[in-house]
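Enquirer: Residue numbers (UniProt numbering): 1 to 202.
In short, the hints are calculated from the structure, not lab data. Only a predicted model underlies this, so the values are computations on that prediction, with no experimental measurement involved. Please note: incorrect hints may appear among the correct ones.
[Claimed, not checked] Below are the DMTMM-like pairs computed for lysine to aspartate or glutamate, each with C-alpha atoms no more than 25 Å apart in a straight line:
hint, residue 1, residue 2
1, K62, E48
2, K62, E131
3, K145, E177
4, K86, E131
[Stated by the list, open to error] Between beta-carbon pairs, the in silico distance windows are:
hint, residue 1, residue 2, range
5, L187, L103, 54 to 64 Å
6, P96, N178, 44 to 54 Å
7, A54, S74, 37 to 47 Å
8, A54, K185, 21 to 31 Å
9, A51, I71, 29 to 39 Å
Every residue, glycine too, gets a C-beta built ideally from N, C-alpha and C.
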Amino acid sequence: MSIFWSRSRIFDFLRNAPAGPTRARPFASRRAATVSQDHTAENVTEEELTAARAWLAGFSSKTIPRDICEISFSRSGGPGGQNVNKVNSKATLKVPLQSLLPLVPRILHPRLRLSRYYAERTHTLVIQSEESRKQAANVESCYEKLHNLLKTTADDVIPGETSEEQRDRVQKLRKAENEARVKAKKLHSSKKSSRRGNKYDE
């Protein structure tokens, strides 16, 4: 018996073959989780926004206590002289989110989980620095990166307080929009009534 199949038989076999197992799509699920987190951020109350603005106004390098963080050292890589690959000068800062999130406004939480420093498996922020040959300088660089991350995130997600003039303007625009909508509905209703009247007059 010949072991060769014609092209039409191969196509028929592939078309009728059962579908294989569906592989999981971790990126799709993470994207869905991101959307859910964004909705959570949008649902903050006015009181939370007021508290977040106050937190941002008083934010400094001392806002986050260093004792919630963990520092470790390893050998640096790349060019940099005789100390490279010989001295443990590279600093790694790990900040557990379970310790950090209670110290920052809730509106920042989703964005921090999307940070490039976020390690999803351990739920920590992992920040590294090896710019200097000295451990102390790299440690300070890690804390500076953490400070910049929190500051830029807060600046991005915490809306500024609306002035009274802006609130009045928004209210006037909404009032004008509602009046225009009511006027359009009345005009549409009167047109329908006039058409009905003309039909009965005939």
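Enquirer: What hint numbers does the structure not satisfy?
Expert: Result: hints 3 and 8 break, sorted rising.
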